[in-house]
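So the chains spell out like this:
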Amino acid sequence: MKKYSQISIKVSDFSEVPFWKKANTIDLICVGYGLTIFILVLVSYILGATDFLPGDPQKLNLALLMAPPGTEGHILGTDFVGRDILSRLIIGIQAYFLPGLLAIAISLILGTCFGVAAGYWEGWIDTIVTYTSNLLNSFPRLVLILLMVAAFKPDIYYIMIVVGITNVPAVASLVKGKIQFLKQKNFIEAAISLGLKTRSIIIKHILWHNCRAILIIQATLGMAEAILMETSLSYLGFGVQEPTPSWGNMVQAGSNYFLQGNFWPSTAPALAILFTIMGFHLLGDGLNNILEGKRNK
Amino acid sequence: MAALLLLGVSFVVFIILFLSPGNPFNALLKEQAATGAVSDAAKRGLSVPSSWYTQYLSWLGNILKGDFGNSIQTGLPVLSEVIRVSINTVYLTAGSMIMTLVLAVPIAVLSARRGLTPTNWFFTIFTYVVSAIPVFWFGYIVIYISIHQFGVFPLASSSSSQGWSWFHFMLPVIVLGLGNGTISEVVRYLREEMSRVFAEEYILTARAKGASIWKHSFKEGFLLPITEIIASKIPFLLGGAVVVEQVFSWPGMGRMAWQAAQYRDYPLIMGITVVAAIIVRMGSLMQRVVQIMVNPRASRE
Amino acid sequence: MSNGPVLAIENLRTYFFSRSKQAFIRSVDGVTLHIEKGKTLGIVGESGSGKSVTALSTMGLISAEPGVIIGKIGLKTETVQKNLLRDLKDHVKINMSTGRIMSVYKDSLGWQKKINRLMKGIRGKEIAMIFQNPKLSMNPFSSIGKQIAESILLNTSISNRNEAKDKAIYWLEQVKMDSPRLRYYNNPYGLSGGMCQRAMIAMALSSEPSLLIADEPTTGLDATIQSKIVDLLAHLKTSFGVTTMLISHDIDVIKSLSDNVAVMYGGTVLEHGPARTILTSDYKYKHPYTAALLSSIPSQEHIREKKKLQVIEGDVLDTINIPDGCRFFERCNKVTDKIKEQCEHTEPDLREVFPGHKVRCFRFFRT
Numbered sequence: 001m002k003k004y005s006q007i008s009i010k011v012s013d014f015s016e017v018p019f020w021k022k023a024n025t026i027d028l029i030c031v032g033y034g035l036t037i038f039i040l041v042l043v044s045y046i047l048g049a050t051d052f053l054p055g056d057p058q059k060l061n062l063a064l065l066m067a068p069p070g071t072e073g074h075i076l077g078t079d080f081v082g083r084d085i086l087s088r089l090i091i092g093i094q095a096y097f098l099p100g101l102l103a104i105a106i107s108l109i110l111g112t113c114f115g116v117a118a119g120y121w122e123g124w125i126d127t128i129v130t131y132t133s134n135l136l137n138s139f140p141r142l143v144l145i146l147l148m149v150a151a152f153k154p155d156i157y158y159i160m161i162v163v164g165i166t167n168v169p170a171v172a173s174l175v176k177g178k179i180q181f182l183k184q185k186n187f188i189e190a191a192i193s194l195g196l197k198t199r200s201i202i203i204k205h206i207l208w209h210n211c212r213a214i215l216i217i218q219a220t221l222g223m224a225e226a227i228l229m230e231t232s233l234s235y236l237g238f239g240v241q242e243p244t245p246s247w248g249n250m251v252q253a254g255s256n257y258f259l260q261g262n263f264w265p266s267t268a269p270a271l272a273i274l275f276t277i278m279g280f281h282l283l284g285d286g287l288n289n290i291l292e293g294k295r296n297k
Numbered sequence: 001m002a003a004l005l006l007l008g009v010s011f012v013v014f015i016i017l018f019l020s021p022g023n024p025f026n027a028l029l030k031e032q033a034a035t036g037a038v039s040d041a042a043k044r045g046l047s048v049p050s051s052w053y054t055q056y057l058s059w060l061g062n063i064l065k066g067d068f069g070n071s072i073q074t075g076l077p078v079l080s081e082v083i084r085v086s087i088n089t090v091y092l093t094a095g096s097m098i099m100t101l102v103l104a105v106p107i108a109v110l111s112a113r114r115g116l117t118p119t120n121w122f123f124t125i126f127t128y129v130v131s132a133i134p135v136f137w138f139g140y141i142v143i144y145i146s147i148h149q150f151g152v153f154p155l156a157s158s159s160s161s162q163g164w165s166w167f168h169f170m171l172p173v174i175v176l177g178l179g180n181g182t183i184s185e186v187v188r189y190l191r192e193e194m195s196r197v198f199a200e201e202y203i204l205t206a207r208a209k210g211a212s213i214w215k216h217s218f219k220e221g222f223l224l225p226i227t228e229i230i231a232s233k234i235p236f237l238l239g240g241a242v243v244v245e246q247v248f249s250w251p252g253m254g255r256m257a258w259q260a261a262q263y264r265d266y267p268l269i270m271g272i273t274v275v276a277a278i279i280v281r282m283g284s285l286m287q288r289v290v291q292i293m294v295n296p297r298a299s300r301e
Numbered sequence: 001m002s003n004g005p006v007l008a009i010e011n012l013r014t015y016f017f018s019r020s021k022q023a024f025i026r027s028v029d030g031v032t033l034h035i036e037k038g039k040t041l042g043i044v045g046e047s048g049s050g051k052s053v054t055a056l057s058t059m060g061l062i063s064a065e066p067g068v069i070i071g072k073i074g075l076k077t078e079t080v081q082k083n084l085l086r087d088l089k090d091h092v093k094i095n096m097s098t099g100r101i102m103s104v105y106k107d108s109l110g111w112q113k114k115i116n117r118l119m120k121g122i123r124g125k126e127i128a129m130i131f132q133n134p135k136l137s138m139n140p141f142s143s144i145g146k147q148i149a150e151s152i153l154l155n156t157s158i159s160n161r162n163e164a165k166d167k168a169i170y171w172l173e174q175v176k177m178d179s180p181r182l183r184y185y186n187n188p189y190g191l192s193g194g195m196c197q198r199a200m201i202a203m204a205l206s207s208e209p210s211l212l213i214a215d216e217p218t219t220g221l222d223a224t225i226q227s228k229i230v231d232l233l234a235h236l237k238t239s240f241g242v243t244t245m246l247i248s249h250d251i252d253v254i255k256s257l258s259d260n261v262a263v264m265y266g267g268t269v270l271e272h273g274p275a276r277t278i279l280t281s282d283y284k285y286k287h288p289y290t291a292a293l294l295s296s297i298p299s300q301e302h303i304r305e306k307k308k309l310q311v312i313e314g315d316v317l318d319t320i321n322i323p324d325g326c327r328f329f330e331r332c333n334k335v336t337d338k339i340k341e342q343c344e345h346t347e348p349d350l351r352e353v354f355p356g357h358k359v360r361c362f363r364f365f366r367t
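Residue numbers (the numbering used here), protein chains in the order written: chain A, 1 to 297; chain B, 1 to 301; chain C, 1 to 367.
If we strip away everything but chain A, and leave its shape as in the complex, we get (with noise of 0.2 angstroms):
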């Protein structure tokens, strides 16, 4: 098909090559980002499921109100209460990790699933997974956790249900253009003349040879989409509740005093959660130019 653009890679063998070697500068420095960010998160995770802090996250003191940062005891300063901000930072990950585990989770494996089924068999499966996309994309997805609020109880887990359902699309529509790829290039029939079992060669040979980068990709823009939908929603009063601190609701309390100039308490949180989304965006990005070998052509 593309035939002058490979004229390059026609004598060299890439298989043998190990993929860093491949892959672009840039695309490194983006995946060595995200991956320090992800590595800060997990670490401030386990400090705070281990109660290993600076300082403690709910005692007020009420006579350090909004310290800036660098104050003695408070390396990244008070809030408007006088609680340590570090220490809330750190724990606010708690707010994020289940949650953001279990949207994940119900993204990949529904998306897996139904991505599968459309593309594997095709036929009236694929007109329903196609349907059910389409109905799935038609709410804009804040809408759609609003009239859950009001249905249900505003619950960090509700919402975190619904982020992972809005984003099984998503994870579903690349899994099945990865499989018609495939199909395209007649591996899939390779397979089965070689008489492969059916379920080896969508394990085995679709999902962990040939999808494994596309559902990691998927994994870190999930997590980062768990992470604004709870700040947004923090904001409009429905996200993690006071006084267990997430990012969302620290910047939301914390802008409470912005428009008087006391910038830090939602600054902070704020920067803490651009870092890590971008982490995430660069870290799916970067593993997706690395791994689906978009620039090295």
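Incorrect hints may have been included.
List time: in silico DSSO-like cross-link candidates among lysine-lysine, alpha-carbon distance up to 27 angstroms [to be verified]: (1) K219(B) - K135(C); (2) K178(A) - K219(B); (3) K219(B) - K167(C); (4) K215(B) - K146(C); (5) K183(A) - K135(C); (6) K219(B) - K120(C); (7) K135(C) - K178(A); (8) K219(B) - K165(C); (9) K114(C) - K89(C); (10) K165(C) - K215(B); (11) K114(C) - K215(B); (12) K215(B) - K167(C); (13) K219(B) - K113(C); (14) K215(B) - K120(C); (15) K215(B) - K135(C); (16) K185(A) - K135(C); (17) K76(C) - K37(C); (18) K215(B) - K113(C).
I should point out that these hints are in silico values taken from the structure, not numbers from a laboratory.
Given chain A, work out where chains B and C should sit, using these hints.
Same frame as chain A, but now just chains B and C:
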């Protein structure tokens, strides 16, 4: 297809509310009908259908007649209320979409054509940063700057009596256009589609005959991806509008949805969800039309 | 009549840099060939021998990724006379140390701009190109007629749309398209591969070029359509007399269409001379590779007597690690003990052994 999808939308909305513990009917009666007997009597008295599908069908029938019921909070008919404010939301989202594209397209075109030069690299990082900002915090920054630098209080409600100035219109549009979290994705998608099309063999032919590659790549490399991205990002913009309208007190659908969610105003939130879905489907329809116009093959698929 | 060749390529080298191998892939490595006015030069060789890259280098269509194009491509027509690779070297910096290329810095933008400026008025106008894979090479979003008319408007003196349309229909007639008036409005996907290729040829000819490059014009088509396209090209050759560079791996196509032939192997030309003599099987003074190529094609004689076909042993040359000696040395079956040493360690040059017939083989060198 669109009609079938909207039918599905209405069904999903109905099911969510049907399953909810605080039944819409109870909410309507508030505390007056705490006991089951009173509730049942009231239902009989109002001739409420008993089984779920008859309830759905009668609700659907009303919707098709344009009757979404009355808002619990205000008592006004839902449909006219939603349509009144949805115009404002359409302004906001359309403006932000244009804003996003104005920013994203040049970056995408440059990096597709020239690869990652330092300038493009800077812009690309910029799009990632912008996409990661919590949109309401960004809104607060903009408000703060506008108050302290320009001395204008930029909330739409503050000037609603004497009509909006461009300032009140532009600020939310800029905030939503930049902060809707999709710019980096838009840039990435456009760039990849363009690079893919630039590598097509017919572009090589065009170059070989001395023709402009822009002309030849326009349809597949620009028009189709752009309509595709517009259609697929409308839900995100509508979602972002909920937050931005709240920040700027913009009298739109998102703000109304927020109020409805707070007061559990079921008819209202149902109406808003359905109207939002209609807007999304209209975007997809537009994309489909462009696709068929550009590429007659698509109509046969 | 003829005053010098229309196209004279001298020592063309087109290298691509492979990031993963950290080495250059020398796709074209010292190609020298020339095409006389009104003649057809056939370029034949296995896939990977650098035929297409030579053509693309001539058109300046090699993408700007790290890579080097050096040498000289002289184009001389009634209106233009220039070296198509002039000054391109300024945009590439190669950092060498201990014989290995350590890094290549290429000002891709400047390079691209320069080559586009150099090729302006040449692409399409002076040199037109027919590509392999006609269905992919026509813009699927526009009708074939419009694409031909566009080429006419761009490259000829016709500037009136209606005239261009009439001219496009004329060219569609010339390539024996059935009902050209209707086909004018057809999009490429509605046409068969053969039809598309006819349209491609019409488009290339419509700009009335001084040189036509046909890159594998029959590959990817059905056998019956292949022969029809070959017939068409032969017919067009006699009626318009366009100077043509015909690239194919199919020796029969080359044999029936070209006046001269250049045999390429491993990025270089091994033999260059009149097609009629070189491509006949009983002609003795040809390069071992050409001989091997010819004997690997089933002839009528082979089929009748059920003889075994001779295959060329070994693999196509690895164009990263090109050996010092003759490129064909490892696969050559005609090495004699007398010249073996020489073949292994020094590369023969392309030397004229008969008038108009150049060979790169020590067997024919008299000194």
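Index of numbered hints that the structure contradicts, given in increasing order: none
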